[in-house]
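Participant: Read off the chains here:
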Amino acid sequence: MISWVAFRRLGLVLFAVLLLARLGPNTAAWAADALPSVQLNADSISPRPIEELTGKNIARDYAYAWQTLAQALDQDRSELLDGYFTGFAKETLSRAVADQKKSGIRVHYIDHGHKVSALFYSPSGDAMQLRDTAQLEVQVLDGDKMVHQEQVALNYLVLMTPAADRWVVRLLETVPGF
Amino acid sequence: MDQRDTSFFRRPIPPAAIVLIALVVHAPLLIMQLPTTTTYDANFHIFFASHYAHHWFNPWNEQWFAGFSQTTYPPLGHQWIAILSFIFGLNMAYMLVQLIGVVLLPVGVFRFARLWVSERAASYAALLSVFLGTVAFLVYSAGQLSTTVSAPFYLLALPYFYEWLRWGRGRALAKGVVLTLVAASIHHVTLLFGAILFAAPVLMLAWMDRRAERDGGGLAVLGRAAVFTALSAIGVAIVLLPYWISILQHPIEQVPIPHASRSNFLLNVDYGMNYFIVPYGALILALPFIVIRGASVPRLRPLLIFFWIAFIFGLGGTTPLPRLLLGRAFQILTFERFTLLAALLALPIVGLLVEELLDRAPKLASIGVSIAAIATFALALGWMYFSPFKTIGGMNVDSVVSFLNRDGHDKYRYITLGFGNALPKVSTYTTANSVDGEYNSARLLPEMTQYGAAQLTSAKFFGRAGMESLRAMLKHANRYGLKYIFVHDAYYDPLLAFAGWRKIETFDNGLVTVWSKEDVPPARKIESDAIPAPWEGLLWGILPIGCSFFAILLWLLVPDRVRSLEIVPSSTPAEVPTYAREAH
Amino acid sequence: MRYLLALLIFAVTLLFVAVGWVTSGGLARAEIRSASTPTEAVQALLADVQSHNWDRAYARLANNKDIDRSAFERDLSGSYRSLRTYSSLEGFDVWPIHAASEQAVVRANLHWSTAVGPIDDVRDLKVEHQGSSWKVDWPSPNLPKVPPQVIPVNYLRWDVINRGPEDDWGEQNVDTPQVRIISMNPVERPDRLIILGEIVNEDTVPAYVNVNATLLDQHNAPMSQEGSFDKISHTLLPKQVSPYRIDFPGIKLKQIKSVRMDAKAMLVPASADPVIEVSGQRMNTDALGKKVLSGELLNESGQPVNIAQTLAVFYDSNGRVIWVSDGYIDQALLPQTPVHFAVDLPDDVAAKVQNYHVTVNHYSSGNS
Amino acid sequence: MRHTFVFFILLLLSELSLTGARAADLHPPKQVTAGNGFSIATTGNGDATFYLVGPSDRAKQTVRLGNAIEVAADDVRTAGRYIATVCGSDGCASSAFYVVAAAPAQLSFLVHPSRVPVSAKDAISAVAFVFDKFHNLVLQPVKVDFNVAVKDAPAISRSLPTNNGVAWIRLNATRKGGPAQVVASIGSISEHRVVQQVASDACNLRIKATRKGNSVAVETETVRDCSGNPVPDGTVVTFTATDAKGKTTVDAPIKRGTARVQMRLTGGATISVASGVAMGNEVRIGGTP
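Quick mapping for you: the protein sequence lines, in order, are chains L, E, Z and A.
The numbers in our numbering rise by one with no breaks, and the one at position 122 of the first sequence is 122.
Plus 1000 on top of the position in the second sequence (first one is 1) and you've got our numbering.
Plus 2000 on top of the position in the third sequence (first one is 1) and you've got our numbering.
Plus 3000 on top of the position in the fourth sequence (first one is 1) and you've got our numbering.
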């Protein structure tokens, strides 16, 4: 016969099991987002020519920037922006993350790639301006309800500046056209 | 008709009283959180537990060695700390788990000793286990949580093993196997050596007892032993599967790291004191009795032989036997744990000694034994302060943690120098990652495995090997994003200055300085083939803790056959007068 | 039978302990302590030095009447926070060079573990037979003593105020110094590839420099990256030139297509003191038959330099850098007191050396 | 047969519902200036939820269809593309519009380097980014005036239009050392930077040596660059002497225009001098008198 003490202990054990269940794996966190494709064309850059390695780094870091932007918006985590955004771009996007946390309206990007042209590379190598035509699927959700969805080609004017080991986005502005 | 002796000195001490004494002795010391300031390893265990508290199902920990798998160390003790930490905080959770270990130890000793000696002698053995110098040493100086929590579970499993061998009871088999799995989930090394040093004499005892009853069946005992062993082995293989995978994938092939417990204690007085005198204490006085009585009584001989083996192993490099028997493993193991195993194996015979002394001179013996026990415990505690081997686990690392957690400093990796065992304390509370760490077996970075030195933070204590290892790591600072170095020992300043680091901040009135190298890029994830698969993380997060819950359920729901272990043959040689007889 | 097992256990235990004592070196230690041969005398002395048993070590000296006990200790344990004070004798090899009935010469290779890494030090020690044992005739320590004097100091110093972290992008800031790698030469050795060269600070402010090299394979993919670590003067005053050396263990020249050099500089506060003269530089052959560049260092300032490192760059007849050697000085550089130094170089390189230049790195505790 | 009947009934009902309620729609302006409130005309009737999603804003409010929706100035401060959506009982309708930067209000002015050797050609670069008061890049071309002023020299002025919000210029360093003031301005908005023009490499480095007992005092003449500017104090000059004992080298910093050392030399010696990659003269000095 099981005494009431044993039942109480059993309850404790069940509590611990539930606690463990709460600690369960975050499958969302395990999901890996793919890196968007970025094609960089630096034929018309001025006044300074772009170094081969810099060109590769710009394309790589711009792709990472979009990846972290999508993750930050999906997960409501503005700290994800720290890696590849700075200055006005980081302020703007952090405000967006804070706003969507507050309002429950979120924007989800499905990124189909970027065609990027380098416009301006400062003579001292400390700023680069880019023009990006991004193929995006934009979804606007209110909670779980989708209120808007579109496939769109958007034009971005981008300003990137060098940081410790990478180029970071300092300005990311959508423009009507180039 | 036998007359029952009602004298206080001739009655067994009730187990509840012994548990209460264990609580009275150890609880205050643990509530004071003594191990966090005096032990070598407490901070290490807390660090592991902290990771489970945050990432229960992900054993890949990037905070040390630029990433290592916690599946290289059985998790159960740490997981219990992690669970309790949600209520009590990490430090107190550690103390609670440690308290469970030291309170269960006399219970385990009592049940184990009952296999060999009378209830009364077993109760003395259990009481003495509370004051064992080696327990005090391992709990309050070494901080070997896993050994000291695993050993009682193993001791608790042994009577069930005996019961299964003798009478073939299924419930004993189930309980014995589950307790073995729990013990293994807490500490693998204790299980490995426990299997040989504890299970083998119990097997021999069961075989002898079975033969003594003249019911034959020696083969049955062996057969049951094989069943128990097979079930335990399969169970351990499954429950600790991620551990086996990691150990097979990355066997420990690093250059051996020197450890004082492998020394010859006769050639270094301090080591002899630390690893022999202090752990054994007054038990040394009982050694002649242990050997003579153990040799005199046939039933005790298995116990004596395995006690002697554990004792010789506990002497580390003082004798050539461990080196010969263990081969390369000799350079990986530390040997202080064997003093605990030896002491636990000796306790049943020491219980007999106390029993006889009390029978001969009750008051004098009780005073003498009490003084010896308390003196042994006091010596072990006192040695922490007089010992030349000091720990700095209690060091205040708040300023270091605060620096790392602000202004994006955690984008880079860091190391500490001269922090000793305060390193895990930094790692527990910072969000930054390090290339250093305190768990040697999990290291895979070549800068650490190729030199025969342990933690970078203590590099100078490993002499040329240590400094070579540190130089190798600093040379690859850019590769690992190793930007910040916290120095608590000015010995390291010249190397950092010549190697291109600059002092940028000073904390705690100059006790800690921060050095930085400006051209180091932010840390990137270091790819490793040692990252456990997600399913391994799930197994690791479910099975070991599940075993402990199952053990609790079995204990609650399936009662023991209480009388099964009550009949114990005499462990007194024929010519020694018997002062008390067994109760039937 | 009862006592037989007990006796057996006692006997086997004692036997194991005795064997352990012998195999762990207990017997050898006892023999060495007797100092019955010149080699044992030196071993015993060094064992006492190793365990910091200075009284016993001092008692082992043949000439201890001529040497002050504290001077002997300072000779071996260092002073003025020199590198020797950050060192411990980890081991030693001893072998006889010359032996006669009353006198002998024993060579000792002392393996020091120091704060900057392992350092070996070879000494030839005279040993004398005194009574029943041998004793070491320790060379009289030549501990420098600086005469009382006043050294006027009006050294130059640069302090830096950088832009605050909260300042906007594009705000006025001070740029990092302009540095330039003026030469780079890959040299293949049997076990490694070494990148050697020189770097100059072209700016008018001090620069804190690190040079990194990335080896690119045949497909222009990075295959290994290493830095100059301590084989460079990190602090370069305006127009100062430093050699650098970057080692790539286990790599052959044929494996690489090109090398990407990267000199990182930052603006740091710095001082133009101390000025250290490097005099009497000569190429010699040392007692072990190795080619060395030796000379003397003279600290011309008024403050001791605790630890000095010499960096020697060697040029061939075309003025190309063909080798860079370094060595740490285990004595402190006291003001106006010359200190000997020597750095070695491979024999095959020595044959090609046409010119060389020595620069001195320094560490003073409290000024890092 | 029964299925066909049900289908027609459903079709009829759906047609009736569509004619009974007018579908929601909204008509924002194509382009809006940042920081200016405006209204969006809507069609339809009944209550609906209005969503405004911009680069930094997410807004949601309940609106009455058929009435204009007022968008506050604070909701459109960031330049970029905005999506306005209105969701009524009959579904959602969306329309996109752009917010463009307001009038120029700030300049981010990058001038490099902060130190430049005298006479260096195209060595100074000045780049100006034009922003409005909300930190939006102003893409409309505007004229930026660059002005460089050096003491005792005529000022240089250039006026350049921005292209995609950026204007830049390259400047030569003058022959004379000292600070140069670089200014960029648009109307009343201006930003100042200072570039230090410093002496170039040493030129005509010359030493003289005098024996004093066992040592030789070696001193440079005032160290100047090829334009006659004094090389800054602290610049390292390397003295190398070769005598009978071997080679002696000393790295000495320039103090008050000259560098000097005392060298312990025995017998005759040859002494040379260098600073960085610039070599100086060589002198021979006789043995001890």
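If you're looking for bench data, these hints aren't it; they were derived computationally from the structure.
A few of these clues could be false.
[To be verified] Now the stretches of chain A that chain L is said to cover, found in silico as 3 or more residues with beta-carbon under 8 angstroms:
{"no.": "1", "stretch": "3041-3053"}
{"no.": "2", "stretch": "3077-3087"}
{"no.": "3", "stretch": "3133-3147"}
{"no.": "4", "stretch": "3174-3181"}
{"no.": "5", "stretch": "3242-3250"}
{"no.": "6", "stretch": "3261-3270"}
[Said to hold, decoys possible] Far from chain A, by Cβ distances over 10 angstroms, these chain L residues were calculated:
{"no.": "7", "residue": "43"}
{"no.": "8", "residue": "50"}
{"no.": "9", "residue": "55"}
{"no.": "10", "residue": "75"}
{"no.": "11", "residue": "77"}
{"no.": "12", "residue": "112"}
{"no.": "13", "residue": "127"}
{"no.": "14", "residue": "142"}
{"no.": "15", "residue": "165"}
Glycine is no exception: its CB is placed at the ideal position from the N, C-alpha and C atoms.
Participant: Would you check whether the claim that residue 142 (chain L) is not at the interface survives, using Cβ distances to chain A and the 10 angstroms cut-off?
Facilitator: Non-interface label on residue 142 (chain L) violated, nearest chain A Cβ at 7 angstroms vs cutoff 10 angstroms.
Participant: A cut-off of 10 angstroms on Cβ-Cβ distance, and residue 50 (chain L) was said to be off the interface with chain A. Does that hold?
Facilitator: For residue 50 (chain L), whose nearest Cβ neighbour in chain A is about 16 angstroms away, the distance exceeds 10 angstroms, so it holds.
Participant: Confirm or reject the statement that residue 75 (chain L) sits farther than 10 angstroms, beta carbon to beta carbon, from all of chain A.
Facilitator: holds (16 angstroms)
Participant: Please verify that the nearest CB of chain A lies beyond 10 angstroms from residue 77 (chain L)'s CB.
Facilitator: holds (16 angstroms)
Participant: Within the assertion that chain L covers the stretch 3174-3181 of chain A, do at least three residues meet a Cβ-to-Cβ distance smaller than 8 angstroms?
Facilitator: violated (count 0)
Participant: Three residues minimum, CB to CB under 8 angstroms: does the stretch 3041-3053 of chain A make the cut for coverage by chain L? Let me know.
Facilitator: holds (count 3)
Participant: Count the residues of the stretch 3261-3270 of chain A with a beta-carbon closer than 8 angstroms to any beta-carbon of chain L: does the count reach three?
Facilitator: It is violated, with 0 qualifying residues against the three required.
Participant: Determine whether the non-interface label on residue 112 (chain L) survives the test: each CB of chain A must be over 10 angstroms from its CB.
Facilitator: holds (17 angstroms)
Participant: Measuring Cβ to Cβ, find out whether residue 43 (chain L) lies farther than 10 angstroms from everything in chain A.
Facilitator: holds (17 angstroms)
Participant: Examine each Cβ of chain A, and state whether all of them lie more than 10 angstroms from the Cβ of residue 165 (chain L).
Facilitator: holds (20 angstroms)
Participant: May I ask you to check that residue 127 (chain L) keeps its beta-carbon over 10 angstroms from the closest beta-carbon of chain A?
Facilitator: violated (7 angstroms)
Participant: Closer than 8 angstroms, Cβ to Cβ, for at least three residues: run that test on the stretch 3077-3087 of chain A against chain L and report holds or violated.
Facilitator: holds (count 7)
Violation of the numbered hints given earlier is confined to hints 4, 5, 6, 13 and 14; the remaining hints are satisfied by the structure.
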